[in-house]
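Chains as they are written, first to last, in numbering that gives the first Met the number 0: chain D, 0 to 122; chain R, 0 to 122; chain C, 0 to 122; chain G, 0 to 122.
Since the hints were derived computationally from the structure, they do not count as laboratory data.
Just to be clear, a hint being listed does not mean it is correct.
Claimed, not checked - Far from chain C, some chain G residues (derived; all Cβ distances over 12 angstroms):
1. R13
2. S37
3. K38
4. E96
5. L110
Stated by the list, open to error - Which bits of chain R does chain D cover? Going by a derived footprint, with three or more residues having C-beta under 8 angstroms, they are:
6. 42 to 54
7. 79 to 86
8. 110 to 120
From the three backbone atoms N, C-alpha and C, an ideal C-beta is built for every residue, glycine too.
There are 4 protein chains.
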Amino acid sequence: MDVNEEYFNNITTRERAIFEGAITMGALFHQFVGTPISKATAPSLENAIKQSLELQPAIEKIDVKIDLSKLDESMTDFDYTTLNGDMLDIKVYSKIEDILAVIRIEFIEELNYPLMYVEDIFE
Amino acid sequence: MDVNEEYFNNITTRERAIFEGAITMGALFHQFVGTPISKATAPSLENAIKQSLELQPAIEKIDVKIDLSKLDESMTDFDYTTLNGDMLDIKVYSKIEDILAVIRIEFIEELNYPLMYVEDIFE
Amino acid sequence: MDVNEEYFNNITTRERAIFEGAITMGALFHQFVGTPISKATAPSLENAIKQSLELQPAIEKIDVKIDLSKLDESMTDFDYTTLNGDMLDIKVYSKIEDILAVIRIEFIEELNYPLMYVEDIFE
Amino acid sequence: MDVNEEYFNNITTRERAIFEGAITMGALFHQFVGTPISKATAPSLENAIKQSLELQPAIEKIDVKIDLSKLDESMTDFDYTTLNGDMLDIKVYSKIEDILAVIRIEFIEELNYPLMYVEDIFE
């Protein structure tokens with residue numbers, strides 16, 4: 000079966016790049032929020048997020064940065080906290096043919112919300 | 000702040016509908032996979048998936064069906080199993096202005112994979 | 000195979016009740032934290048948490064209360080937020096033979112931490 | 000506040016070691032099941048599981064092994080799959096004072112179930 004022909008011929012290449020990047024962004028948020036975390040363990044979690052989600056279809060690269068000052072704000076008496084969406088600063092690069100979409104999540108203070116949006120599209 | 004103006008003026012209405020639906024589909028998969036489930040509890044889980052994810056931006060409606068025969072296949076000696084992606088048959092309806100996108104997940108036997116794709120777009 | 004004889008003959012009945020309740024408490028926290036939630040959808044999520052985790056071995060009953068004032072504190076501009084551990088007030092009742100253990104999670108202000116502990120044991 | 004005095008004086012040291020290890024075992028299962036995984040990314044995920052859950056109270060060490068043959072069994076056409084409980088072979092070492100409990104999860108073929116149990120207690 001030609002998956003592209005069978006399931007994706009009703010959208011454009013650009014739409015498909017956006018689609019695949021958005022799935023991956025939604026996935027990583029809900030997979031990893033809730034994970035115990037400290038400053039010392041942040042790099043290993045960033046690395047696992049990156050490596051595991053780069054496996055998904057069309058994903059070229061993922062840049063993961065956990066905001067350590069946000070992490071500090073929610074620190075507990077037990078010297079760790081749990082990852083929440085406000086700590087995430089992530090770019091997912093998804094590519095279909097020659098179109099590269101950059102999907103971003105970052106915390107927007109004014110909305111008190113970690114917003115996901117399309118930061119850039121290179122065609 | 001006008002979020003649409005600030006963050007979404009670089010994509011079309013149709014692309015935005017696809018984007019928001021895809022985020023929600025990725026989110027629900029990774030939020031709920033792993034949940035203990037039996038035939039008796041499937042309706043309450045379907046309902047919670049539907050109600051919680053319909054809260055996300057642009058989501059009009061979500062139809063959730065958990066495949067009970069797939070559930071049976073992975074049944075354990077303890078009379079329950081855990082939800083996996085192969086059991087999911089879900090449609091997410093996302094709407095931006097007059098554009099309605101239908102994002103679907105269903106298990107594709109030939110790929111041994113629960114495929115997410117854009118099933119329909121109404122303009 | 001007699002699972003109890005094979006795998007649990009090295010601990011007491013009381014220890015087993017504590018063990019099973021603790022597993023379920025750890026499970027539910029990490030399964031559901033991150034779920035989108037509003038006041039309107041809280042009951043459906045409470046119900047799904049209860050029904051799904053009551054499936055686990057030795058679990059008699061689960062009382063789930065999501066703290067709506069904590070939910071309000073983290074409300075966003077999009078009229079929903081995501082479930083975090085600080086909102087959870089839950090009792091898991093696990094029973095092995097005649098021993099009933101009550102495992103509790105509640106947010107402890109002084110620790111800035113949602114503490115899990117054994118609230119009561121009835122023998 | 001003395002947390003131990005306030006919340007844990009109703010159980011023995013041995014029971015507390017079992018309690019804390021069990022919470023962590025339940026937590027890690029439900030946090031990470033569903034994560035995209037391949038043979039190449041398994042080590043980074045094992046490392047993140049280990050590092051993040053070792054942060055929890057009383058946890059001395061965690062040994063994580065993802066069963067690559069189980070991983071192969073569920074491989075998809077897209078060269079990755081999602082982590083499920085059957086792939087987990089993990090030991091959580093929890094210590095309170097001089098008592099060390101070893102909590103284990105491993106897939107038991109006969110039960111078609113990833114069983115969590117207390118493998119050993121050193122006093």
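Hint check results:
Its beta-carbon lying about 7 angstroms from the closest one in chain C, R13/G breaks the requirement of being farther than 12 angstroms from that chain. Listed as outside the interface, S37/G is consistent with that label: its C-beta sits roughly 23 angstroms from the nearest C-beta of chain C, beyond the 12 angstroms cut-off. The Cβ of K38/G sits about 25 angstroms from the closest Cβ of chain C, beyond the 12 angstroms cut-off, so the non-interface label holds. Every beta carbon of chain C lies more than 12 angstroms from that of E96/G, the smallest distance being close to 16 angstroms; the non-interface claim holds.
At roughly 7 angstroms, the least C-beta separation between L110/G and chain C is not larger than 12 angstroms, which violates its mark as non-interface. For the region 42 to 54 of chain R, the proposed coverage by chain D is not satisfied: 0 residues have a C-beta within less than 8 angstroms of a C-beta in that chain, short of the threshold of three. Look at the region 79 to 86 of chain R against chain D: 0 of its residues bring a Cβ nearer than 8 angstroms to a Cβ of that chain, fewer than three, so the hint is violated. For a cut-off of 8 angstroms, the count of residues in the region 110 to 120 of chain R with a CB near a CB of chain D stands at 7, and the three-residue condition holds.
Taken one by one, the earlier hints fail for this structure at numbers 1, 5, 6, 7, listed in ascending order.
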